[in-house]
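Those sequence lines, one after another, are chains A and B. If you count by my numbering, then the first sequence holds residues 2 to 113, one letter each, in order. If you count by my numbering, then the second sequence holds residues 8 to 119, one letter each, in order.
Heads up, a few of these hints could be off.
With a straight-line Cα cutoff of 16 Å, these simulated EDC-like cross-link-like pairs (lysine to aspartate or glutamate) come out [to be verified]:
hint, chain 1, residue 1, chain 2, residue 2
1, A, 100, B, 63
2, A, 43, A, 85
3, A, 43, B, 45
4, A, 43, B, 112
5, A, 100, B, 112
6, A, 2, B, 66
Derived from the structure by calculation, the hints contain no laboratory data.
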Amino acid sequence: KQEVTQIPAALSVPEGENLVLNCSFTDSAIYNLQWFRQDPGKGLTSLLLIQSSQREQTSGRLNASLDKSSGRSTLYIAASQPGDSATYLCAVPNTGFQKLVFGTGTRLLVSP
Amino acid sequence: NAGVTQTPKFQVLKTGQSMTLQCAQDMNHEYMSWYRQDPGMGLRLIHYSVGAGITDQGEVPNGYNVSRSTTEDFPLRLLSAAPSQTSVYFCASSPNSNQPQHFGDGTRLSIL
Chain A
2 KQEVTQIPAA
12 LSVPEGENLV
22 LNCSFTDSAI
32 YNLQWFRQDP
42 GKGLTSLLLI
52 QSSQREQTSG
62 RLNASLDKSS
72 GRSTLYIAAS
82 QPGDSATYLC
92 AVPNTGFQKL
102 VFGTGTRLLV
112 SP
Chain B
8 NAGVTQTPKF
18 QVLKTGQSMT
28 LQCAQDMNHE
38 YMSWYRQDPG
48 MGLRLIHYSV
58 GAGITDQGEV
68 PNGYNVSRST
78 TEDFPLRLLS
88 AAPSQTSVYF
98 CASSPNSNQP
108 QHFGDGTRLS
118 IL
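Turn these sequences into a full structure, and let the hints steer you where they fit.
Here it is, written out as structure tokens:
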């Protein structure tokens, strides 16, 4: 059974810092991995989707990497801003491609 | 551009009552899913559909029914509400298995 773990559970940084969020998964036989952002009281917004054949994906100040063999992904946020404050979740498909398994998230606070 | 619309946003029920959570998407997506989000548990898949007329169970299906009579709508029915079903429910859709999922803003449900 696929299990997804995110470390740390919470992170507080001053504005401008570069930071890394971690995601690990137990079954490396995945065909994609997604990173989401969730603002308080809101739904999830997809940030990046990495295919299994890719090693990284970039969108603006965000860069996500994927190492299937080690069961790890990282989300790198450059030059953090207070508007980046949110919970970040990663998710991978379980046995069925539509059955996403989510981590419990990293709650990020960026202080001005 | 409405995306994924969930109604109601908030609901309080008494134990034993039934209700239907509505989900509609206007993006002509084939894939739709229902998740519940609980503190410390992350998001867990309840039911999903890969097209009109096709549904399947996720990780925590007990106590819930779904149907998919049209591409646009994917309602979730609570047959006899129990306090353990107090949660935030999210509906999501995607064009196919390898594209990011789009989430609604959620329904916050309390069962007394």
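For each hint, the structure was consulted:
Restraint check for residue 100 of chain A and residue 63 of chain B: the C-alpha separation of about 10 Å stays at or below 16 Å, so the hint holds. For the given pair, residue 43 of chain A sits about 15 Å from residue 85 of chain A by alpha-carbon distance, which is consistent with the 16 Å threshold. As the CA atoms of residue 43 of chain A and residue 45 of chain B are separated by approximately 14 Å, the hinted pair is consistent with the 16 Å bound. Between the alpha carbons of residue 43 of chain A and residue 112 of chain B the distance comes to roughly 5 Å, so the proposed pair stays at or under 16 Å and holds.
Restraint check for residue 100 of chain A and residue 112 of chain B: the C-alpha separation of about 20 Å exceeds 16 Å, so the hint is violated. Note on residue 2 of chain A and residue 66 of chain B: the hinted pairing holds, with a Cα-Cα distance of about 11 Å set against a maximum of 16 Å.
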